[in-house]
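*Asks:* My request is simple: use the sequences and hints to build the entire structure.
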Amino acid sequence: GLAEQHSRCFRRPFDLVATNTRTGELRVVAALGQDVLVAAWSPDGRWLAYSKGPGRFSMDKSLGFNATTYLISPTGGESTRLMPDFESVALPVWSPDGRRLLVTAGRTRSDEPEWWVVALDGREPLRVSGMTLVTPGDAKFPVRPWTWIEGNRIVYSTALGGDSWDLWEVALAPDTWVASTEPRRLT
-3 GLAEQHSRCF
7 RRPFDLVATN
17 TRTGELRVVA
27 ALGQDVLVAA
37 WSPDGRWLAY
47 SKGPGRFSMD
57 KSLGFNATTY
67 LISPTGGEST
77 RLMPDFESVA
87 LPVWSPDGRR
97 LLVTAGRTRS
107 DEPEWWVVAL
117 DGREPLRVSG
127 MTLVTPGDAK
137 FPVRPWTWIE
147 GNRIVYSTAL
157 GGDSWDLWEV
167 ALAPDTWVAS
177 TEPRRLT
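Numbering-wise, the numbering used here puts 44 at position 48 of the sequence shown, and it's gapless, one number per residue.
Hints in this document: simulated from the structure, not taken from any laboratory.
Glycine included, C-beta positions come from ideal geometry on N, C-alpha and C.
Incorrect hints may have been included.
Stated by the list, open to error - Ranges between beta-carbon positions, derived for each pair:
| # | residue 1 | residue 2 | range |
| --- | --- | --- | --- |
| 1 | D117 | E146 | 15 to 23 Å |
| 2 | S153 | R119 | 22 to 30 Å |
| 3 | D40 | T17 | 25 to 33 Å |
| 4 | E108 | D162 | 15 to 23 Å |
| 5 | R77 | V24 | 28 to 36 Å |
*Replies:* This is the structure in structure tokens:
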């Protein structure tokens, strides 16, 4: 029944599963583990970027910023860690062309997180500059990017107090990744 199908598709630990559309047969491509926080498919479907950390509170600033992000092909194989020189890399968001990822990262777990653009062609990651990502001191979570849309615009959320999250948008200059507009509140 439906409950049985649901449990087969959404099981723990998290697995990357391929489905044969003719037979409905499921095949585990890669076991990703218990601690997957977020996953995002590249626009062309060639890559899955996923962040792992110790539970949902790994983004809680009071506990330290603590996550790692990986790339894996949907056909399987080994995962590749993004930015291995950084202690924490999380919240991957794909560029519309699938050639870059925006991640929230810190060189150490105690660093305030910053946005970085990671090119998949092997170039060094570049820090996004020209805007402040740190939420006020009483905010529990850092700024969280949600989507990267045409025109190098990033839609992100931030909690400016309490449990309320607001959506914002900012444009980034291509190749320099400097904020080219003031953040604009959407909600």
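*Asks:* Determine for every hint whether it applies to the structure shown.
*Replies:* Hint check results:
1. Checked against the hint of 15 to 23 Å, the pair D117 and E146 passes, with Cβ atoms roughly 21 Å apart.
2. About 28 Å separates the C-beta atoms of S153 and R119, a value consistent with the hinted range of 22 to 30 Å.
3. A beta carbon spacing of about 19 Å between D40 and T17 contradicts the range 25 to 33 Å that was offered as a hint.
4. Between E108 and D162, the C-beta spacing of about 19 Å keeps the proposed range 15 to 23 Å intact.
5. Between R77 and V24 the beta carbon distance is about 21 Å. The supplied range of 28 to 36 Å is therefore violated.
Taken one by one, the earlier hints fail for this structure at numbers 3 and 5, listed in ascending order.
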